[in-house]
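Protein sequence lines, in the order shown, are assigned to chains A and B. According to the numbering used here, the first sequence is numbered sequentially starting from 1. According to the numbering used here, the second sequence is numbered sequentially starting from 1.
Any given hint could turn out to be false.
[As the list claims (entries may be wrong)] Short derived list, chain B residues pointing at chain A, Cβ under 7 Å:
#: 1; residue: H132
#: 2; residue: N136
#: 3; residue: L142
#: 4; residue: L145
#: 5; residue: R150
#: 6; residue: R331
[Stated by the list, open to error] Not close to chain B: a few residues of chain A, all C-beta gaps over 12 Å, as computed:
#: 7; residue: A13
#: 8; residue: R61
#: 9; residue: V64
#: 10; residue: R75
#: 11; residue: S80
#: 12; residue: L107
Note that these hints are calculated values from the structure, not bench results. Beta carbons are placed, not taken as given, at the ideal position from N, Cα and C, and that holds for glycine.
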Amino acid sequence: MSTARVLVVGAGADGRALAELLALHGFEVAEVSQRHAAGVARAWMPDCVVAEAALPEHEGRMLVEQLASIAPRPRTIVISPRPSHALDALGVTCLAKPVDVERLLELAA
Amino acid sequence: MTPVLVSGLPVIMCGLERSGRIVVANDRAMEATGLSESVLGSDWRDLFARSRHDVIAELWKGIGPGKPVVEFEGLCCNGRRLRWQFSHWPHDGNDALWAVGLDVTEERAQQARKRGHERARSLANLGAGLAHELRNPLNSALLQLALAQRKIARTDREVPAELAEATREIHRAATVLEDFLVFARPMETTHQHVEVGSVVDRALARTSDRATAAGVKLANGGGPQVVAEIDPARIERALVEVLANAVDAAAGTPTPEVMIRWTAHDSALVIEVEDLGPGLPAPNAPVFDPFFTTKSSGTGLGLAIVDRVVSDHGGVAELTRVGSATVFRMRLPLML
Chain A
1 MSTARVLVVG AGADGRALAE LLALHGFEVA EVSQRHAAGV ARAWMPDCVV AEAALPEHEG
61 RMLVEQLASI APRPRTIVIS PRPSHALDAL GVTCLAKPVD VERLLELAA
Chain B
1 MTPVLVSGLP VIMCGLERSG RIVVANDRAM EATGLSESVL GSDWRDLFAR SRHDVIAELW
61 KGIGPGKPVV EFEGLCCNGR RLRWQFSHWP HDGNDALWAV GLDVTEERAQ QARKRGHERA
121 RSLANLGAGL AHELRNPLNS ALLQLALAQR KIARTDREVP AELAEATREI HRAATVLEDF
181 LVFARPMETT HQHVEVGSVV DRALARTSDR ATAAGVKLAN GGGPQVVAEI DPARIERALV
241 EVLANAVDAA AGTPTPEVMI RWTAHDSALV IEVEDLGPGL PAPNAPVFDP FFTTKSSGTG
301 LGLAIVDRVV SDHGGVAELT RVGSATVFRM RLPLML
């Protein structure tokens, strides 16, 4: 069980399921749409941000830019149907869908 | 134009009477039609299937003094594809025809190959797009299952085994998609000069965990110290795939052993992987066809990927039964 703060970015059933799953594992979880991600992250200071991205290189980069002003920057995990290593250099972990839940829990903790 | 003049021309030339009888033919015509000297005196239309004779007769009706040339293309009786242009030829005061032809067999074959490649590429793109899209619903299903399992686990009830089975099936579907994406992706081949033994060593290292878990001994039979011009990453991946298959086949057999070795001769590199497993389901089983598998957990794309890697190198992959052993063999050109 982890008590880390995780911000789940992405509305919809998957976002809700992921948030609930993380909460069941003891994480303190907030769920937010992409539009409000940066504002909530600045105010709430999560340890980890988990975001869904259809195009990880584009959306992942945008997310990193949005989180850039937060120090320390939260760990960032992008879940995508098109996994890419292009964000490795930015310290973003990209997981392929369908996501390995155990690995996600490890990375978020 | 006289027969002397046409004889040495690179194009195919036939002078025809209106009846179709060939009265003049150059060397190229004799060669391209495969009829040699006997082409003279024969009916030009007989070079083509009878079903096309009416079409040709109709075309010839439009040929006359001052009229534009008429074109015709067809498969000649010798299997060559010839493209012709007909024009009026006032031969000895008679109304005759010139038939000037080009052998377009290779050009058409190239065009057909190009169309085939384009079709395959667009199908691969379509398939890859579909595979990516399928990952979204698989992810949703997996998250819901994971959530359900954990919610039940927090109650007094036992988590139904079916949920774990469904989760495994989703992961299996994801593996099929992953393999399909590797198969469908346009693969660039980056050739380098590499020592074959080092590629084999890396492939063995990557398979060792699987072999240990299956209780199978991996043996390096070795080979000559030789440098080949190959894409090391792709050949290594292909060898890992073949070794993994051999390990699965050898697991649980009286001789759980897999041997890899290589030879080089006549500018060819031959790498072999041998196991004493049950072997092929049938001697001519389409083992390199996509989605062919004999394993309940296999995706059927592993050997299809291997075949593609080998053919991209200008080589040949084969799987045969030699005595009680199953031998995979990849034959590659040592240097391009």
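Here is what the structure says about each hint:
no. : hint : result
1   : H132 : holds, 5 Å
2   : N136 : holds, 5 Å
3   : L142 : holds, 4 Å
4   : L145 : violated, 9 Å
5   : R150 : holds, 5 Å
6   : R331 : violated, 33 Å
7   : A13  : violated, 6 Å
8   : R61  : holds, 19 Å
9   : V64  : holds, 22 Å
10  : R75  : holds, 20 Å
11  : S80  : violated, 8 Å
12  : L107 : holds, 15 Å
Hints 4, 6, 7 and 11 from the list above are not met by this structure, while the remaining hints are.
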